[in-house]
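Asker: Residue strings, one per chain:
2 protein chains.
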Amino acid sequence: MLTRLEKTLYRLQAQHACFAWAFEQIAGRPGIVFELGLGLGRTYNHMRRHLPDRRILAFDRKVASYPDCTPDEKDIVLGEIADTLPEAARQYRGQVILAHTDIGSFDREQNRRLSEMMSANLLPALAPGALVMSDLPLSIPQTEPLPLPQGARPDSYYLYRRP
Amino acid sequence: MLTRLEKTLYRLQAQHACFAWAFEQIAGRPGIVFELGLGLGRTYNHMRRHLPDRRILAFDRKVASYPDCTPDEKDIVLGEIADTLPEAARQYRGQVILAHTDIGSFDREQNRRLSEMMSANLLPALAPGALVMSDLPLSIPQTEPLPLPQGARPDSYYLYRRP
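Chains G and Z are the protein sequences, given in the same order. Numbers given in this note's numbering equal positions in the first sequence, counted from 1, plus 4. Numbers given in this note's numbering equal positions in the second sequence, counted from 1, plus 4.
Some clues are possibly wrong.
Identical copies carry no separate label here, and so any pair may be met within one copy or between two of them.
When the alpha-carbon atoms are kept at most 30 Å apart in a straight line, the in silico DSSO-like pairs for lysine-lysine are as follows [stated by the list, open to error]:
| hint | residue 1 | residue 2 |
| --- | --- | --- |
| 1 | K11 | K66 |
| 2 | K11 | K78 |
| 3 | K78 | K66 |
These aren't lab readings, by the way, just hints derived from the structure by calculation.
Hey, can you work out the whole structure from these sequences and the hints?
Answerer: Structure follows, in structure tokens:
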């Protein structure tokens with residue numbers, strides 16, 4: 005059984021490996037990015053650096069990110085993601101080329117609900133060829149699960165593509 | 005320049021590598037452990053698992069750790085570490101075989117003060133051969149800096165030994 009240090013370490017390793025792979029995959033394809041769960045802003049900061057020309061919309065119920073990891077106000081969607089995602093998926097219909105979500109916790113029941121909510125609401129936003137990176141397993145209609153790239157341990161993260 | 009994701013990832017990689025090395029080094033040597041900064045309890049959980057027979061005293065100003073990463077009440081030293089460490093270093097004089105501290109932030113001036121405080125107060129607690137693992141560089145009298153083990157990037161963590 006993994007320790008908490010190991011769980012977090014392996015999740016971050018997987019994020020890093022999946023981002024490197026995803027940045028290559030979406031290069032040259034138009035589209036915006038959804039960061040579903042801004043948190044401290046670590047992954048937002050990483051995407052901002054590697055995708056300097058993309059619009060990245062960050063969703064969270066409040067802004068608690070480091071100052072240098074905080075998006076412009078116009079790129080923050082405040083509120084419960086269960087409320088804001090369905091509306092944003094309509095507003096940005098078919099425009100999202102990469103969606104990243106890291107909102108799981110150690111509460112299994114809450115994770116199940118969040119996974120259902122993401123799975124039920126994300127699809128309309130996804131462009132053809134869009135990638136979804138998630139810390140929780142998702143079941144998004146019309147998307148296919150992808151194997152993780154090298155450097156990410158099995159089940160440490162989840163990748164999907166809308167064909 | 006590293007992104008925030010990379011900084012955190014490399015710090016956790018270094019922690020993991022340094023712990024693996026330190027657990028081997030202190031095997032068979034008596035002594036207790038100081039965890040200076042309990043935080044979420046991730047590294048406490050890792051040490052607890054790997055050092056099942058050691059007493060681990062965890063210091064922090066409040067308990068904010070996951071329930072399964074929280075020490076017994078008798079092993080928590082509550083208060084500002086600047087206040088509690090000098091007293092604990094007297095109480096456990098020469099008894100600490102491993103001290104771990106991960107209390108740095110992105111506030112350089114605060115980091116400098118914390119580093120000075122640790123450096124000035126830890127020595128009396130350290131047993132001969134004791135190891136100190138720190139996220140901030142320290143200058144503890146009578147200790148020597150050690151190279152990081154394989155798997156830890158240079159300057160991602162700091163290791164010291166009292167000869």
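Asker: With reference to the structure, classify each hint as holding or not holding.
Answerer: For each hint, the structure was consulted:
1. Taking CA atoms no more than 30 Å apart as the test, K11 paired with K66 passes in both settings, with 25 Å inside one copy and 24 Å between copies.
2. In this assembly of identical chains, K11 and K78 lie within 30 Å of each other by CA distance solely across copies; the values are 27 Å between and 34 Å within a copy.
3. Taking the shortest alpha-carbon separations for K78 and K66, only the intra-copy value of 14 Å comes in at or below 30 Å, while the best inter-copy value is 36 Å.
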